[in-house]
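Engineer: Protein chains in written order, with our numbering: chain A, 72 to 334; chain B, 6 to 267.
Calculated directly from the structure, the hints in this document are not laboratory data.
Treat the hints with caution; some may be incorrect.
[Said to hold, decoys possible] Here are the simulated DMTMM-like pairs of lysine to aspartate or glutamate, each with C-alpha atoms no more than 25 angstroms apart in a straight line: (1) B:Lys-91 / B:Asp-113; (2) A:Lys-227 / B:Asp-221; (3) B:Lys-198 / B:Asp-227; (4) B:Lys-124 / A:Glu-231; (5) A:Lys-227 / B:Glu-238; (6) B:Lys-79 / A:Glu-216; (7) A:Lys-254 / B:Asp-152; (8) A:Lys-227 / B:Glu-129; (9) A:Lys-227 / B:Glu-202; (10) B:Lys-121 / A:Glu-231; (11) B:Lys-127 / A:Glu-231.
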Amino acid sequence: MAMTARQRAKVSLYVQAGIFVVVLAAVILAVDWKTIGTSVFNFAKIGPMFPDIFLVGLKNTLIYTALAFVVGLSGGLLLALMKLSSFPLYRWLATGYIEFFRGVPALLVFIAFGYGVPLAFGVQWDVNIVVMVSLGMVASAYIAETLRAGLQAVPKGQMEAARSLGMPHWRAMVSIVIPQAFKIVLPPLTNEIILLTKDSSLIYVLGLTASQYELTKFGRDGISSLGAGLTPLLVAGAFYLVITIPLSLLARKFESRSARTKR
Amino acid sequence: MNDVVNSTVRAAGVDIKDLRKSYGSNEVLKGISLTVEPGQVVCLIGPSGSGKSTLLRCVNLLEQPNAGTINVGKFEATDPDVDLNKMRQSVGMVFQHFNLFPHLSVLDNCTISQMKVLKRSKSEASGVARHNLERVGLGHLADRFPDQLSGGQQQRVAIARALSMDPQLMLFDEPTSALDPETVGDVLAVMRKLAQEGMTMLVVTHEMGFAREVADRVVFMDAGVVVEEGPAENVISAPTQPRTKEFLRRVLDPTHIGVEEA
Chain A
72 MAMTARQRAK VSLYVQAGIF VVVLAAVILA VDWKTIGTSV FNFAKIGPMF
122 PDIFLVGLKN TLIYTALAFV VGLSGGLLLA LMKLSSFPLY RWLATGYIEF
172 FRGVPALLVF IAFGYGVPLA FGVQWDVNIV VMVSLGMVAS AYIAETLRAG
222 LQAVPKGQME AARSLGMPHW RAMVSIVIPQ AFKIVLPPLT NEIILLTKDS
272 SLIYVLGLTA SQYELTKFGR DGISSLGAGL TPLLVAGAFY LVITIPLSLL
322 ARKFESRSAR TKR
Chain B
6 MNDVVNSTVR AAGVDIKDLR KSYGSNEVLK GISLTVEPGQ VVCLIGPSGS
56 GKSTLLRCVN LLEQPNAGTI NVGKFEATDP DVDLNKMRQS VGMVFQHFNL
106 FPHLSVLDNC TISQMKVLKR SKSEASGVAR HNLERVGLGH LADRFPDQLS
156 GGQQQRVAIA RALSMDPQLM LFDEPTSALD PETVGDVLAV MRKLAQEGMT
206 MLVVTHEMGF AREVADRVVF MDAGVVVEEG PAENVISAPT QPRTKEFLRR
256 VLDPTHIGVE EA
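Produce the complete structure using the sequences and hints provided.
Structural biologist: Quick look at the structure:
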C-alpha cells in the first residue's frame, strides 16, 4: 500500500521517537542504581559543602575567570591590532604568539608559570598572578583571532569615512571600527568566557591553600573528606552551569538588543 | 559660528598635475592634469573603469598615487611630509554607499569628528551639526539611527556630516548611484544649493542633467586619461571627440531606440 509523503514523514517521526525511548530505557536498565545512589547521587552527605561552595569555590572561580578575561581581552585586542598592522614585525610576533599559545595545552602553561618562571627568576607569585598570567596569555591567543575576524568584518568604507573626516588611524579604530567589531564578536566572545570559566579549574596543578580552592578543586576535596563518593564533584560541576547559563542568556539579550537598534 | 550660519564658504581650489596610479601592472590613471578653481563645480564623467573614482580618491589620498602632484588649497597632498589629517579636515568626502557610522545616531555621526578632531565642545558641535542637518532638510531626524533612514536621507546625512567639518572642498563619489530613483532628486537638490553657495565641488557622476545644469566644467575621462573637458554645454551638448560622443549617446539614450547615426 503506497503512502503519501505526509504519511511517510509522520511514520518516520514515530520511528525516531521510538528509537530514542528504547535507547533511554536500555541505559536506565543497565545502570547499577544502588551503587550510583551511594557514590554519585549521594546528596544526603553533602551538607558540609555549604556555604563554602559559594564563599570559596564559586567566588574563586569567578575571580580567576575575571582576572584571566581582563588580561585576555586587552592582550587579545593588542594582538589582533598587531596582526592587522602594516608593519611586518608586529604581524610575525602576533602570529607566532597566537600559534604557540593556541597550540600548547593550557595545563602546561599553568605549570610553566606556576613553577618554571618563579624558579627561573627566583620570585614568589601569588596564585592570582599565576592565573592572570597563564590563563590570560592562553585566552589572549584565542580572543585575538576572534577580535581580528570581527575587526575585518567591519566594512572598509567605515575606516575610509573616518579618515576622510580627518581622524588619525588610531582614533578611527577607537571611535568607529572597534565599537562595531565588538558588536559582531559578542557571541564568540561569550564562548571564550565560558571556556575560560572551565579552564580556571586547571589551577589545581598548583599547590593551593584551602581558601584558594576554586569549584573543581573544592569538589575534589569533598570526595576525600565527605565519604559520598563522587557526589561533591557532581555538585561542583552543577555550579559551573550557575555561571555559564546566565552568561549565555545575557549574551543573547545583548545580541537581540543590538539587532533591534540595527533593525 | 556666524560665518557658518550665513553659509558663505571659504573655498579652496585643486591643482592636479600629471597624476599616475597603478594597481600592479594595471595603470588606471595615465597622467591626469586637472585644475578646479576655488568655488568651481567640476563634474567627472566617463564609463566605469575609466579611473574617475580613483582620481577623486587620490585627491584626499584615500588612494596613494604613484607619480604626479596634487595641491589642495594650501596643502600639497602628495608631499610625503604633509599633515594628512589636517588636510583631510578641509576636504569633505561623500561616498557612493554613504558609509555612515551605524552605531551612532544621525547627530552623533555629524558631531564625532568635530569633537574628536577639531576639539569642539559637545554643545558647539551639536549646534554646527543641527545647522547642517537643517541645511540638507533633515533637522527632524537628528535622533534616528542611519538604518532607520532611506538611502537618499542617509546620503544627505553624509553630506551634513562632511559639511560639519567646515570643508573648503567637497568630493562626491557617485553620490546618487546607489539610490532609489525617487530619492535622487533630494540629494541633487542639496548639492545644487551647495554649489550656489560657492563650495568648490569635484563630482563623479552619471547624472548628465545635473552636470549640464550645475557644473562649471565637465571632464570626460576614459581609460585613465582626460579625453575632453570644457564648459558643460560644450562637452555634453556638443562633444568633439568620438569617444565622448559614443559615451554620451549610450548614457543619454540607454535603450538605443534613438535615431541611428547615418
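Engineer: State for each hint whether it applies.
Structural biologist: These are the hints, each one checked on the structure:
1. B:Lys-91 / B:Asp-113: holds, 21 angstroms
2. A:Lys-227 / B:Asp-221: violated, 33 angstroms
3. B:Lys-198 / B:Asp-227: violated, 29 angstroms
4. B:Lys-124 / A:Glu-231: Given that 25 angstroms is the threshold and the Cα spacing comes to 20 angstroms, the pair holds.
5. A:Lys-227 / B:Glu-238: violated, 37 angstroms
6. B:Lys-79 / A:Glu-216: violated, 43 angstroms
7. A:Lys-254 / B:Asp-152: It holds: about 16 angstroms lies between the C-alpha atoms, which stays within 25 angstroms.
8. A:Lys-227 / B:Glu-129: Violated. Lys-227 (chain A) to Glu-129 (chain B) sits at ~30 angstroms, over the 25 angstroms cutoff.
9. A:Lys-227 / B:Glu-202: violated, 32 angstroms
10. B:Lys-121 / A:Glu-231: Holds, at about 16 angstroms.
11. B:Lys-127 / A:Glu-231: holds, 24 angstroms
In summary, the numbered hints that this structure violates are 2, 3, 5, 6, 8 and 9.
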